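For the sequence shown, my numbering begins at 101 and goes up steadily by one.
Bear in mind the hints are in silico, worked out from the structure with no lab data behind them.
There may be inaccurate statements among the hints.
[As the list claims (entries may be wrong)] Distance windows between CB atoms, simulated: (1) D927 / T765: 52 to 58 Å; (2) T615 / G928: 34 to 40 Å; (3) Y523 / Q611: 34 to 40 Å; (4) N629 / S729: 17 to 23 Å; (5) S279 / G378: 36 to 42 Å; (6) G241 / A539: 28 to 34 Å; (7) G378 / N629: 28 to 34 Å.
The structure presented is a predicted model; accordingly, all values stated were derived computationally and were not measured.
Even glycine gets a Cβ: it sits at the ideal position worked out from N, Cα and C.
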Amino acid sequence: MVEFTRRKLMASSAVTAIGAGTVGLVGADEDPEEHDTLEAPYIEGNIDRFSTTAFGAEVTGPFVFDTGELLYSLQGPHDGNLEPFNTGGVGVFDDFRFTFNGTNDEFDELEPPRTDKEEQQVLSAAGEYRLLVQTGDKINGGTERFSHPQTPDGRPLAEITEPWYEGVGDQADMNFFVSTDEEGLEGYLFTNNETRPGAITRTPLYRDEEGYLQADLENAMELENTEPFREIGGTKVNCYGDLSPWETPLSAEEEYGHPRVGGLATVSDIVEAGSGVGLRGSSEFWNRPKILGVEQSIEDVFGSEDSWYPMGLHNNRNTEKMAYHLGAEPIDQAGLDEEGVEIDDTPQPIGDEEFPNRYRYGKIVEITEPTADVPTPVKHHVFGRAAWECPEVLPDERTVYLASDGGAKGIYKFVAEEPIPEYDSRMDVRGTLYAMKAAEIGEGPVAETPLEIEWLELGTASNAEVDSWIADYDDVTQVDYLETHAETDWEADLETALAEADEAVAINGNQDYITDEEVVEWATQYEENGPDGVDEALRRVPFLETRAAAKEIGASVEFNKAEGIDSHDEAEPGDFIYFGISSLGGAMTDENGDIRFDEVQSGVLYRAELEADYNVSRLEPVVVGPNESDPSSVLDESLINVDNVMVMDDGRVLLCEDKGTFGRTYENDALWVYEPPTSLHVDSVAISHGATGTADLTLSSVPEGLAGGRVTVSLAHTEIAEITGADYHDALELTAGPAISDDGSSVEFQFADLEEAIEPGAMDVTLASLELEGTGTGTTDITVDVHALDDDDGIAIEPQSRPGVVVTGPPAVGGGPGSGRTPTDPDGDGMYEDVNGNGRLDYDDVVLLFDSIEDDSVTLSADYYDFNDNGRIDYDDITELYDEI
């Protein structure tokens, strides 16, 4: 008899509530340090600590080679650490390789560091971390240093006065590898550095005689110092990124300084109030000389009670350095004279047209021709402008998910009209940008509360169009800030002119760029006419002021530190994509907006199932961290503040931390390996009335093989579809049935793998296939019930059962063109525009609907042809269909 302790009973309750296998509730009785609460921490599956980084450093830029070797960046370590871990860089774990078998059995979990010596170095559960390149290393024949931007004449920016200039070379983040041989053993490593201006290093990697990876620093180069990068305005704060399906690195510019309005406030709030005092974000002060001085200026002008910190201000520092990088003449600012006396830091306005354009930053930068002598960068302006942590380009080569880091930020999606590599030029890439609107499904603890996702369309454009809009602001300089907004002649009295300009911008906005009134007018026309019905001059707004535009139309700009998005490199519909929220707090937990969670200070890892068109409509929590008030025994064993996320080939997920101390007994960030629970899922399928289709029953992974089992698949509504046939996977020698019920509502499979044809570590194992026939029109769930499932060791496999959906469309229409073919839904919106079933929307569809408007095939399927959404079929539906051509 099973003894149901309180912990076990709670585990069972949680499993029932979220529809997961008990393997999904780590801690109920497996981990004695786990909470007696269902809220946090919570893990659906298993995580193991593989590495802790050196004190002070983040774990960033993970990359797993095809060989299974692991590499990550040592970002910002404490300079008091043991050498060489006192200097940032990029390192690889020698003598360890992931085997891609879906389980963490390649290593025994690493114990946390317990001594000062252990905390001052990188530790790992297997292998040994060795740095390949570090801050300040000479590269490119000695003409450059690792992650050091230079002026066009080769002068390192770090040498231009301002001894406080920070962030050079010690902030390595993204790492992606582009191979140059068929075996994937040698090639180029692309590394981001979070500097201002941004830095991207290309380092050749090769194998030494013993097969270990080595860096060829002599031939490494800083891409930001090349002319093609300066031609696009350089880069800024290059954070994480992605490797595209066509093998090009994409670097994300984490432009924290992009907000024009703070928090959850909108531009409409400012216009209605008649003033931006208290709300204005730092982006509006972009071209102010020595922008950090605006904080004190605001207090001086408006008084301490009415002063505020413009959102993102600190991240807009060093705009002068960016101008010098692009070619502006350096002006001596703060520094020390010959006798070591500090020189006053007096702003000197830059009037050079090389001053950076604020709308050229906060972009995804694709490095095309990555193996050429000098690669060619392209900024995907059409993806929008934000504090991008990373993009995730899906295998359809059209869909891109994007995470914006920081508080009160959004999550976005871009869908290209054609696969991106198929465009003649990257500047021709055209598509639609969407913003996420999220809402909690039900009420309860974070671990039990998924998010329902809706995607709000912001606009459609091409890279070339957006680039032309941005170019309208290329001539804006720091001199313009003063001459546009101040009455006093700045050359006669710079201090007074700055105060006047700061006051004017704080109240009325920066007139050198898109104005508040233009943003509000765009939103007004959007509400009245939709995203395609705005004036041509306003189409630029959602692409240049993405966050502000998203807030105006009700998107969820509430996410707090959306730090990671990733999926399997060959992900297909039915696979998962993961979203990491580093800290669930701030705007996600207050009383404003759409999301009102309980606080989880250490963050949540969500996942979503990719749908047929690579869309996602639901986020479910799979790892929920603890809070700082939890005991250290819990904190020590929990994921805290997830940062970069990387899905390996076998479906496991690398989870990087960026946490600080957070009450643990050790102060080091860790790299965890997440092992998702096995899932048994049945495909979703769309079929036409009277037609048949096939759905596969698939087990996501079998780490210890598969001995056999018994499973039932059921349909909820046989008036919509029936099961008419079924068969087994060829590898299953001993089977019973399949037994289909008389009414076609269910089928039972019973099988055994006698010859162990399904080997341990196998992924995506198809057990059986079902034939479904559409008996009516509508939608019905198709569910899986596992009675028994055992591995080769006789241990029960307890998979998550993931249901599918059967959608049965309308029958063939009329006797006109295409008679006999069933209609289709070309754009996946639930309406069947392709009336004649030829696979596209054309004029013949309009004619056929007109001719058949009173036929039963139309009137009995009214929901599919009600294009004007008035609840019935009428002649206006024909007009609406014609307008869609």
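(Q) Can you tell me whether the CB distance of S279 to G378 sits inside 36 to 42 Å? (A) Violated, at about 52 Å.
Q) Between D927 and T765, is the Cβ distance one that fits in 52 to 58 Å? A) For D927 and T765 the Cβ distance comes to about 55 Å; the hint holds.
Q. So the hint says 34 to 40 Å: do the beta-carbon atoms of T615 and G928 match that?
A. Taking Cβ atoms as reference, T615 and G928 lie about 37 Å apart, which means the hint holds.
Q) Do the beta carbons of Y523 and Q611 sit within 34 to 40 Å of each other? A) Holds: the Cβ-Cβ distance is about 36 Å, inside 34 to 40 Å.
**Q.** CB-CB spacing for N629 and G378 relative to the 28 to 34 Å hint
**A.** Since G378 and N629 have Cβ atoms about 32 Å apart, the given range 28 to 34 Å holds.
Q. Using the C-beta atoms of N629 and S729, is the stated range 17 to 23 Å upheld?
A. 50 Å, violated
Q. Does the Cβ-Cβ separation between G241 and A539 fall within 28 to 34 Å?
A. 56 Å, violated
Of the numbered hints given earlier, the model fails hints 4, 5 and 6; all others are met.
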